[in-house]
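Peer 1: The task is simple: from the sequences and hints, build the whole structure.
There are 2 protein chains.
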Amino acid sequence: MFEAAELGRSVSKEDYEKALVDLRPRLLAAQRALRTKKRSVIVVVSGVEGSGKSEVVNHLHEWLDARGLHTHAFWRESEEHRERPRYWRFWQALPPRGSIGILFGSWYTAPIVDRVYKRMTKAELDQELQRINFYEKMLSDDGALLVKLWLHLPRDIVKDRLSQKNRRKKKNWMFAPQAKEFLKQYDRFAKVSERAIRMTDTGEAPWRVIEATDARYRDLTVGQVLLEALEDLVAASDERPTSSTVLANADEEGVISGSKTILDHIDYRPTVDPKKYEKELEGLQNEIRSLAWHGWNEQRSTVVLFEGSDAAGKGGAIRRLISPLDARLYRVISVAAPSDEERAQHYLWRFWRHIPRAGAMTIYDRSWYGRVLVERVEKFATVDEWSRAYREINDFEEQLSDSGIVLVKFWLHVDENEQLRRFKERETVAWKQHKITDEDWRNRDKAPRYKTAAHDMINRTSSAIAPWTVVPGNDKKSARVQVLRTVVKAMERALG
Amino acid sequence: MFEAAELGRSVSKEDYEKALVDLRPRLLAAQRALRTKKRSVIVVVSGVEGSGKSEVVNHLHEWLDARGLHTHAFWRESEEHRERPRYWRFWQALPPRGSIGILFGSWYTAPIVDRVYKRMTKAELDQELQRINFYEKMLSDDGALLVKLWLHLPRDIVKDRLSQKNRRKKKNWMFAPQAKEFLKQYDRFAKVSERAIRMTDTGEAPWRVIEATDARYRDLTVGQVLLEALEDLVAASDERPTSSTVLANADEEGVISGSKTILDHIDYRPTVDPKKYEKELEGLQNEIRSLAWHGWNEQRSTVVLFEGSDAAGKGGAIRRLISPLDARLYRVISVAAPSDEERAQHYLWRFWRHIPRAGAMTIYDRSWYGRVLVERVEKFATVDEWSRAYREINDFEEQLSDSGIVLVKFWLHVDENEQLRRFKERETVAWKQHKITDEDWRNRDKAPRYKTAAHDMINRTSSAIAPWTVVPGNDKKSARVQVLRTVVKAMERALG
Chain A
1 MFEAAELGRS VSKEDYEKAL VDLRPRLLAA QRALRTKKRS VIVVVSGVEG
51 SGKSEVVNHL HEWLDARGLH THAFWRESEE HRERPRYWRF WQALPPRGSI
101 GILFGSWYTA PIVDRVYKRM TKAELDQELQ RINFYEKMLS DDGALLVKLW
151 LHLPRDIVKD RLSQKNRRKK KNWMFAPQAK EFLKQYDRFA KVSERAIRMT
201 DTGEAPWRVI EATDARYRDL TVGQVLLEAL EDLVAASDER PTSSTVLANA
251 DEEGVISGSK TILDHIDYRP TVDPKKYEKE LEGLQNEIRS LAWHGWNEQR
301 STVVLFEGSD AAGKGGAIRR LISPLDARLY RVISVAAPSD EERAQHYLWR
351 FWRHIPRAGA MTIYDRSWYG RVLVERVEKF ATVDEWSRAY REINDFEEQL
401 SDSGIVLVKF WLHVDENEQL RRFKERETVA WKQHKITDED WRNRDKAPRY
451 KTAAHDMINR TSSAIAPWTV VPGNDKKSAR VQVLRTVVKA MERALG
Chain B
1 MFEAAELGRS VSKEDYEKAL VDLRPRLLAA QRALRTKKRS VIVVVSGVEG
51 SGKSEVVNHL HEWLDARGLH THAFWRESEE HRERPRYWRF WQALPPRGSI
101 GILFGSWYTA PIVDRVYKRM TKAELDQELQ RINFYEKMLS DDGALLVKLW
151 LHLPRDIVKD RLSQKNRRKK KNWMFAPQAK EFLKQYDRFA KVSERAIRMT
201 DTGEAPWRVI EATDARYRDL TVGQVLLEAL EDLVAASDER PTSSTVLANA
251 DEEGVISGSK TILDHIDYRP TVDPKKYEKE LEGLQNEIRS LAWHGWNEQR
301 STVVLFEGSD AAGKGGAIRR LISPLDARLY RVISVAAPSD EERAQHYLWR
351 FWRHIPRAGA MTIYDRSWYG RVLVERVEKF ATVDEWSRAY REINDFEEQL
401 SDSGIVLVKF WLHVDENEQL RRFKERETVA WKQHKITDED WRNRDKAPRY
451 KTAAHDMINR TSSAIAPWTV VPGNDKKSAR VQVLRTVVKA MERALG
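In order, the protein sequence lines correspond to chains A and B. Just so it is clear: in the first sequence, position 467 is 467 by my numbering, and no numbers are missing. Just so it is clear: in the second sequence, position 248 is 248 by my numbering, and no numbers are missing.
Note that these hints are calculated values from the structure, not bench results. Careful, some of the hints might be misleading.
Any copy will do: because identical chains look the same in the list, a pair fits if it lies in one copy or spans two.
Unchecked claim - Below, a list of computed lysine-lysine pairs in the DSBU-like style, where the Cα atoms sit at most 35 Å apart:
1. Lys-379 with Lys-37
2. Lys-13 with Lys-275
3. Lys-446 with Lys-37
4. Lys-476 with Lys-446
5. Lys-159 with Lys-122
6. Lys-379 with Lys-38
7. Lys-191 with Lys-122
8. Lys-18 with Lys-424
9. Lys-279 with Lys-18
10. Lys-13 with Lys-489
11. Lys-432 with Lys-18
Peer 2: Okay, here's the thing in structure tokens:
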């Protein structure tokens, strides 16, 4: 596949200058037009060592407007990175809608290098490449345009350059320590890269392999590839094409009128003797206190999320859960309306943002499941968007789990009579009044839709690594004990 | 000073419950009212080991609404923290306007602990405390309300608890490793804390020393202190009182009509022979390339900022500066309108955010000086606000410098005729058209005001550690050479 990038193409200085006269104003115009679009452009700059990735990035900086241009170089991992799932740092680097992000190094670097040095099996590489495909599809579905550049150099050119550079600019070159090492591994590197490129050369995110032997040809080609992508994007409508993967049961009305949901079979009878409640609670809280320190010692994090019907008792359960915890060990993320920085990103971005460092517990009061609950019911998300969210969320949770995070998910449910009773109580008790709004009453009318959405959600996202626990909430004491016991069990299982 | 917190005060369970019935709805109401205010509340929870800081934080979580509540525990430093000025992490943790931030541990922890263990002299401690006073005053000036809680326990109670706990809950206690150590150092710790508290007990940010022997008394007092602070705040108008430190020359008109500015004495004659320009530029760029790697090797960062009149050539100078750099080593921050997350914070927050990790170079295209330039001239900031910004900025830059960052500041200036010529050129050259807007023409009319603002700025913020370099911009080549040479010299001086 690299043969096409070993044809010895070059551009004369004169042609280069002439081409730039046309290229630069068009790049700037397209970048300006991008600003009003709801889409972002992600330029991945990768390739052979010595092929001039850094020069390419510098040229893009020269040609584009620095406003609305975000560059991230992935090369130094820090503790903050290592203590979180691997994709955390990529999420942090995504450009907001309307802007261009240049990624120097990317999610491709580690899998390729690890495979070259045999720290990863071929099967593991393929698995990583699948993850990449899914990640890129997800970004693309969300409106991002991926421009993936692979700068190629033939083997003898690499060799030649390294020796020349070694002679000429020894002082500078010595700082890029892996360069010589890469030469030794050139063939293996080429083979692994080729596989990676082939397997991730998708419709949503195609690769452009660029001959990098001649710097002017390389830079001009990069500029033209980017220009083409930008101009196509700004000419296109903001409407995303409807994908063909819409769920069969996306017709909600049918579901509502038809079958019963998981939530129709809940047994609301108390499971806890009120007289023994305090003692049981205290016992569980003591266990959680120990387990939290244990988790901290083992540097294992826990993520607990709460969803549920309004007034189902999420707040009360969360308070009982955190009360034994050392305040340094946990954080409660209460999910409210997104900020404008959050709105300018994929919906999962604002949850990735709060993933804890190792050893901590994060409690989400409402979560990423808003996408398939409120956003579905209120039609903030299109059918397409919430339909594909199930798989996106499953993948997200798999990444959390893979990185060692213990994940516990609760759906707290009260029946409609109990909910009505609590709504009325909230209206009369002074310090509960802030918890009830007109919106809550409106949502109540939409209960069947919410129930369908919850049913689908539980069905599609309850997995072995991230099972849902449906908690009957009519009896608060039973609910709280069940929540705490579930967390204890999950942590015990994980911490051994 | 701690005697008043050793009186053995306590609250019965009955009184406690009764007080809560009043306290909780009022806390919630005040928190809700805070949301529409442009002010934030910062609760610093500190005190003796074993005094129940964690329990206090948990109670606040219980009493307050999790929405609009941000808690940060400062205890684990990461590379990301260590590679930046010490206050970086505190800036990151500040709550946005309209919300409450609970800081468990704070800027007080390190100075006190370092002094207790004699890693710091008394003079150094006092210096740190001065910095703290200034920091808190700055936050307070910006509308933050600081509630600083010091939980106190008498010596014999600490001793007693540690031994009891050791017996009773050995398993849990053993995880807080410094606890026993603290007992040994109790007297010294008390002495150092007392000094820290006394020296930072200011009008803007007073301390509340709270007797923590009885948990109910402690928690209730914390709740009441916070409630009082919140209710006072929401009752107050959003208008900040005018401080008395307004500069004598804040009357701009006087300055404009009166004296000449620094910018009236610029010698615009070329200093570079056009024939030798290319060679000189290349030589300087090679030096910068080496120095950047050298800085990376030594883990020393460089911050270069550009301010200047419109069309003075900032963009061109920045492009020449970055072109020799490896793209992994630098970032350009192009300062545009703040996002809503940025607007909800102190104006310096969005610049702190981008302070690089060790060894990198960050280039700001416009900077924090916007506060005393455009915000002053366009009256986005009050006289009070921009007047105090000089000292705030000097302090900020001192922190950058103290942490080893090389700081280079450029003011690029063109005279009015040359500016007019460039504006006209921008209107005719296709790929320069995006650089000229109606606003540029409007700003031109305000040139005298901008000149006065720049004059004051250079006067008040040019220090030995962060000097301004005024660059005559009429001859672009001379300007670029001067910019690069200045950066080279500053880096050489710093890197030895």
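Peer 1: If a hint holds in the structure, say so; if it doesn't, say that too.
Peer 2: Here is what the structure says about each hint:
1. Taking the shortest alpha-carbon separations for Lys-379 and Lys-37, both the intra-copy value of 21 Å and the inter-copy value of 32 Å come in at or below 35 Å.
2. Proximity of Lys-13 and Lys-275 under a CA criterion of 35 Å is satisfied inter-copy only: 20 Å between copies versus 88 Å inside one chain copy.
3. Proximity of Lys-446 to Lys-37 under the C-alpha cut-off of 35 Å is found in both arrangements, the shortest distances being 33 Å within a copy and 33 Å between copies.
4. In this assembly of identical chains, Lys-476 and Lys-446 lie within 35 Å of each other by CA distance solely inside one copy; the values are 24 Å within and 66 Å between copies.
5. In this assembly of identical chains, the alpha carbons of Lys-159 and Lys-122 lie at most 35 Å apart only when taken from the same copy (27 Å versus 59 Å across copies).
6. For the homomeric pair Lys-379 and Lys-38, the shortest alpha-carbon distances inside one copy (18 Å) and between copies (32 Å) are both at most 35 Å.
7. Only within a single protomer do Lys-191 and Lys-122 lie at most 35 Å apart by alpha-carbon distance; the minimum there is 12 Å, versus 62 Å between protomers.
8. For the identical chains of this complex, Lys-18 and Lys-424 are inter-copy neighbours only, at 24 Å across copies versus 75 Å inside a copy, given an alpha-carbon limit of 35 Å.
9. For a Cα distance limit of 35 Å, the shortest separation of Lys-279 from Lys-18 across copies, 23 Å, qualifies, whereas the shortest one inside one copy, 82 Å, does not.
10. Only between protomers do Lys-13 and Lys-489 lie at most 35 Å apart by alpha-carbon distance; the minimum there is 33 Å, versus 69 Å within a single protomer.
11. In the homo-oligomer, the alpha carbons of Lys-432 and Lys-18 lie at most 35 Å apart only across protomers (17 Å), although the nearest pairing inside one protomer, at 71 Å, exceeds that limit.
Hint compliance for this structure: every hint is met.
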